[in-house]
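S.K.: As given, the protein sequences belong to chains W and R, one line each in that order. The first sequence begins at 3 in the numbering used here and counts up by one. The second sequence begins at 61 in the numbering used here and counts up by one.
Warning: the hint list may mix true and false statements.
[As the list claims (entries may be wrong)] Derived EDC-like pairs: lysine to aspartate or glutamate, alpha-carbon spacing no greater than 16 Å straight-line:
(1) W:K168 - R:E378
(2) R:K637 - R:E148
(3) W:K103 - R:D500
(4) R:K379 - W:E176
(5) R:K379 - W:E25
(6) W:K115 - R:E660
(7) R:K379 - W:D19
(8) R:K516 - R:D481
(9) R:K634 - R:E148
(10) R:K379 - W:E24
(11) R:K379 - W:E171
(12) R:K637 - R:E146
(13) W:K103 - R:E590
(14) R:K218 - R:E228
(15) W:K103 - R:E591
(16) R:K379 - W:D54
(17) W:K115 - R:E656
(18) W:K115 - R:D661
(19) W:K103 - R:E584
[Stated by the list, open to error] For each label pair, taking beta carbons as the anchor points, the in silico distance ranges come out as:
(20) W:S15 - R:T328: 58 to 66 Å
(21) W:R102 - R:P306: 26 to 34 Å
(22) R:T583 - W:R32: 55 to 63 Å
(23) R:G366 - W:D5: 37 to 45 Å
(24) W:Q132 - R:D82: 49 to 57 Å
(25) R:D82 - W:A8: 39 to 47 Å
(26) R:E324 - W:L182: 26 to 34 Å
(27) R:G434 - W:E25: 25 to 33 Å
(28) R:S308 - W:R102: 33 to 41 Å
(29) W:Q132 - R:G305: 57 to 65 Å
(30) R:T328 - W:R32: 44 to 52 Å
Calculated from the structure, these hints are not laboratory results. All residues carry an ideal CB built from backbone N, CA and C; glycine is no exception.
Residue-level listing of the chains:
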Amino acid sequence: MTDPFALLDLPVSLLLDPSTVEESWRQRVRETSGADEAEASEIHSARALLSDPVARLGAWLEAKDPVAVPERGIATELMDLFARIGPVLASTDALLARHRKATTALARAVLAKESVAAQLAVQGLLQEIQPLKAALTGRFAEFEAAAAGGSYGEARRALGQLKFLKRWEAQCRERLLALLAT
Amino acid sequence: MDDDLIIGIDLGTTHSLVGVVDSGFPLVLADSAGERLLPSCVTWPAGRAPLVGAGAMRARALAPERTVASIKRFMGRPFADLTAEEVETTPYRLVAGSRGETLVQLDDETLVSPEEVSALILGRLRETAEQALEQPVRRAVVTVPAYFNHSQREATRKAAELAGLSVERLLNEPTAAALAYGLDRLGEDASVAVYDLGGGTFDLSVLRMREGLFEVVATAGDTRLGGDDLDLALARHLAESLGLGPLSESEEAILRVRARETKETLSTEEKVAVRLPFFRGGESHEIEVTRERFERLARPILDRTGPICRRAFAEAAEKGVASVERLILVGGSTRIPLVRESLREWFGLDPDLSQHPDEAVALGAAIQAGMLCGRVRQILLVDVTPLSLGIETFGGLMNVIIPRNSTIPVKAGELFTNAVDGQESMAIRVLQGERELAKDNWLLGEVVFPFSAGPKGSARVGVQFSINRDGLLEVLARDTATGEDHVLEIRDAAVDVEDEAVERMIGESIDFAFEDMNERVWTEARLKSEELLPAVEAALGAVGGRLSGEERDLVAAAAAGVRIALADEGHDAKALKSANAALDEATQALAALLVEAAFEDAGP
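The following block holds chain R by itself, in its conformation from the complex (with noise of 0.2 Å):
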């Protein structure tokens, strides 16, 4: 039994897999059904103990608001911060906790943080370890996405020790997948970039490999973009082909299966029938869906990459990388032939599939924890932090402190002075994010430090923020008259209210939310219907020239549509965001014409 050992786990929005290093190579391990993708789902049967896995999976139509799936996306968010969207297309009840936390409420009487729903999943993976390798397990490298916040990050830290883990690193996905690219490579001098678009969330990064030492240069991402959205537009799409009109929770549940594995199968066949026999009752519906058909759904979502891996390369050749010499695909949406086309199309390279998409990161993480237990000695490794990181200043502003893309464990310290006679103590609230406005970057929280009360700026706090090699935000305070320090706690920025006051707030606004959940939805799609309309008409006056008779009457009757449905007095939401969407669609063409034209008059 080896005590030191450490074993890697990739937690993924929909998948999670463990491995370990063993005899210097990495390797996944299976679990007593001979499975390594472990889905990420739990589900809790009522009066027994929560299934994990691929059980629970199978009960996501059955027991749809028990079952909980892709808890990811809501790891270490606040539940404001979640649209009216993101909790209505999802099949299990999101609320409010009592510091504003997202929780899950499963019964009247049960609500499970998504920090104990990853455990349970972490719990399982530890269990798998431990039967394959024979031996207790406590320590872990978990993977996380590159671009997760700090609070993201604390959450999927805190997940790991509820699973009786401790967690020995942090590893951003896409590093942990150039780790597995890299180690049997270790002679080449590179550049390359992983393109890690997964479950929920898409990663880029670029890397520099150069006798053994791996070192991130940039990262960019987006933890809200992933193969779930796929399948919700393709389950979208297979109700409005079929005229299912509303549907429950199971049906959605239904479908949402049944999308995905339609949006599987068009990876390696050109169209799919798509059968859903008794579906309500005695009916039987079936529809065939093209991979072309597919692809005009999937395209606006995966176009969203584009601009994320041209920022990364435009700030990695800042850094000193011009050019990247391999584009390496990980995360099971990779192996849609449009992400890969796209990719050839936007950067001329040929993306490298040597990769195997759902395990490379498992693999690095494995890689990972055997640098760190010391069974893997020729590698060492460097990453970035992918946001940048202040404090809020006068008039709102965000004053960065640590800049994005900023080789960690990184360190930079701010000196505060007291504004006024005799204050004794001064709270700054510290953010993470890439905007000028303090209010649209993430708030991590406030710190309070303390002053030796004094006449107006005779006290001195020098405030040190640094980022370790987790990604994770600490804040120390030195005291410039003693030299003492302490480490500061980052506190919810809600916790200064009145705890009563506080939960009377947060009940009433879930009471809000829920009442008036169609109404919220009914506005975001009223907005968006204000925002299309003249959109048509300024795009239609530009370049309306260009299309044929056929395609403007489809547009015009698309937005004739959306005026219908904006006029009921019911507030159908679900009918103006069908009409919303098949207007989007049908000016697809017409966007890409204007986007174009953009670019002619401005031509050579």
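Only chain W is shown next, with the shape it has when bound in the complex (with noise of 0.2 Å):
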């Protein structure tokens, strides 16, 4: 795929504000309104890439420095919270399919104090990921600073563990969604 940030005309940047890559899209959308799907879809690809700082961030290394090796593994810091994950969504899988089969609001009434406990596990773990995230997100200005210098391996580093973060947030949001649902 082609570079995201010269499909929306916008610098190579980690510190692209999100009202910036949306009026850039929309000015895309509006010039290429009637283009090919291809086009379209380019486009709205990138600002879904660089809307997100994970994905962005993964965009800017693979702009700036290719040739690299991706970090891989879990930090030890986070070996903690990795292990606590698994359990909380696996009950809550549980009490999910528990859930769906009930055909009706009593058998669904029953689960009632479940649910309400799983929202409150998978919310603790929520509260947990996301300044773990928000730290290394805001960490951006020195990235770009070390990159002036020729530096990326502790944006390298950051990528690997925004990665597990991003992928458990997402875990735990859609569980949490599903929950709403019960």
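Make the complex out of the two chains shown on their own, each in a separate frame, by following the hints.
M.R.: Below is the structure:
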């Protein structure tokens, strides 16, 4: 895929403000109205990438330092969180499965207590994940400065951890949405 | 005459309309009788050409098995996907075709597909447009529920083609309503939600309107939730209250018509006297239904829209639309006062009633048609895909490739390689839905793509999934060695089995389904009883003390009724179902208390 920054006529920067991305996207949508689907879908994907800080960091590294090997593995400070997420997600899924099977209001109401408890547990995890994520995305100015000196190591490490956090956040959100419907 | 003319069509579950933009204004066209709303109903009088619309509606009680209404519910759905309840409560006969698709059996010789039925309705709208505009019409924008999946959309497109119409765009119904709302408010920037509750489907879409750009940010819905369900619940209530016992198909049809009229009257009146003169020969019946009684029946059905709204609002908030300034109601069922009250109570928003509930979607379709043929220039529109698209991976899990609420058109690619030496092709199962397990999602079909034979891991094929502006999926394979692209066909998943075997299998399952319909319904009802009875025990144990003695007696009596029906050796499915329904209703207050208690316990 073409460089998302170029597609939206934006500088290759981590510090893009969401409203700038939106404004450029709207501008491009106007310019290309009636364009073929291939072009339109590239513009939409570029906006989706650049509006999400984690994907933006990935795209930025891809543009600046494309040859380096990505960081894999979970940092030790995230291991404890990782170990607690699995069981909460699994028990929530089991509860949701019972809920889906229930066909009457009463049978669903019997599960209300567990459902509220599960919501609190998942929310608790989200409240741990979000500040960790914010701490890393809060370092974007620092990564830009290091990049000026040719150093991308910290940014790459942050991306590795952010990918995990983003995935866990999405998994927790998905459960929370499903619980909201119970 | 204008060759580029495009009309806008709202193909609804209960009614359909056609519109066009004239001198910059969208309008709904009337037929030769002056009617703008065409009932989505077709009947086949023996030996004569099919009849569409109001005439067909009148035939429902006379020839229920040859009269097809609400066909939209079955568009693009395999027969195996239908519940016993759906098959049983449909007055005409549904059967499985040779590819497992749903067909309507009118008589021993005649089968028609949902696409063919819809094509007759679309054809009638095309005639209306041609007469009103005095010129041939060949192109149309057709609306679909936002929550329709690929198969349902594809079936709609095919129906239009059968009616001689080329589909220039499949437009989501709530998006259409937003266009109708926004056309004369182009100067305003706003975040709006469209709550669209029609005859058979429910959608909620959140949109951002800015400088003439209409952007859908999130959508959610249920393609099997609408006014039809309210009619059915009310018809059952009437049959039970009057002690009518088993009903013939025609009696059921009459009751359904009365229920619908009663529902409509109760939107403005506090009570209605329902009369059934000369019902079943000489019998005549009369019963009073109050709005309060109707609301008790309607509430559990309407309450299902709440979580769907909350879900769409939560997703919109994640995408930067933190609050919705206006909640626009469209669809005939939003005339029900309880809908408006519930929305006020849930979201603290005063619903916007500026749009005509029956016509807004058709007007929006006309506007989109006008945009495509250059008659409307000041508007731009971007929509999203309602459902996640993925493929089945090892362990039967769904691997999401395009997440729901992605702006369309959208593309995403995956790279596949041969897992064994000399492998020449690979089949992948394409799914749509939000569940972890592949089997819980819609199976759209399989795509098979070729490898150039070679050692394991040597062949590489890039498969690109794209969703176009109609919300339809296209799959493209690119051989990375040759750089050659080809479009892959999405095949029904069953075609690999020998044709004859498939026919036999399906033939057997039809016989089975119909001979054992009572048994199937009994089993579904028994499962429901087995779910309810222990739940009653648990609920009474937890919060029974909060009920009055009288309320507890009512619950106990209803539970005893279920136990008696369950013990019936003749497996009277109808009796068990109505006992379940009675217990379900008797425990509504109990259920509400339990939910309340759960929140109290968790409270601060």
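S.K.: Can the suggested window of 37 to 45 Å be confirmed for the beta-carbon pair G366 (chain R) and D5 (chain W)?
M.R.: holds (43 Å)
S.K.: Measure nothing beyond the straight line between the CA atoms of K115 (chain W) and D661 (chain R); if it is 16 Å or shorter, mark the hint as holding.
M.R.: Holds. K115 (chain W) to D661 (chain R) sits at ~8 Å (cutoff 16 Å).
S.K.: Hint says 44 to 52 Å; check whether the CB-CB distance for T328 (chain R) and R32 (chain W) agrees.
M.R.: holds (45 Å)
S.K.: Sort out whether E176 (chain W) lies within 16 Å of K379 (chain R), counting only the CA atoms.
M.R.: Satisfied, since the Cα-Cα distance of roughly 15 Å is no more than 16 Å.
S.K.: Going straight from one Cα to the other, do K115 (chain W) and E660 (chain R) come out at no more than 16 Å?
M.R.: holds (10 Å)
S.K.: Do the alpha carbons of K379 (chain R) and D19 (chain W) lie within 16 Å of each other, as the hint requires?
M.R.: holds (14 Å)
S.K.: The hint says 58 to 66 Å between S15 (chain W) and T328 (chain R); measuring C-beta to C-beta, is that right?
M.R.: holds (59 Å)
S.K.: Do the alpha carbons of K379 (chain R) and E24 (chain W) lie within 16 Å of each other, as the hint requires?
M.R.: Given pair K379 (chain R), E24 (chain W) holds - Cα atoms ~11 Å apart, limit 16 Å.
S.K.: Within 55 to 63 Å: is that where the Cβ-Cβ distance between T583 (chain R) and R32 (chain W) falls?
M.R.: Taking Cβ atoms as reference, T583 (chain R) and R32 (chain W) lie about 57 Å apart, which means the hint holds.
S.K.: Measure nothing beyond the straight line between the CA atoms of K103 (chain W) and E584 (chain R); if it is 16 Å or shorter, mark the hint as holding.
M.R.: Since the Cα atoms of K103 (chain W) and E584 (chain R) sit roughly 12 Å apart, the hinted pair holds (cutoff 16 Å).
S.K.: Holds or violated: are the alpha carbons of K103 (chain W) and D500 (chain R) at most 16 Å from each other?
M.R.: holds (12 Å)
S.K.: With the threshold set at 16 Å, check whether the alpha-carbon distance from K168 (chain W) to E378 (chain R) stays at or below it.
M.R.: holds (13 Å)
In summary, this structure violates none of the numbered hints.
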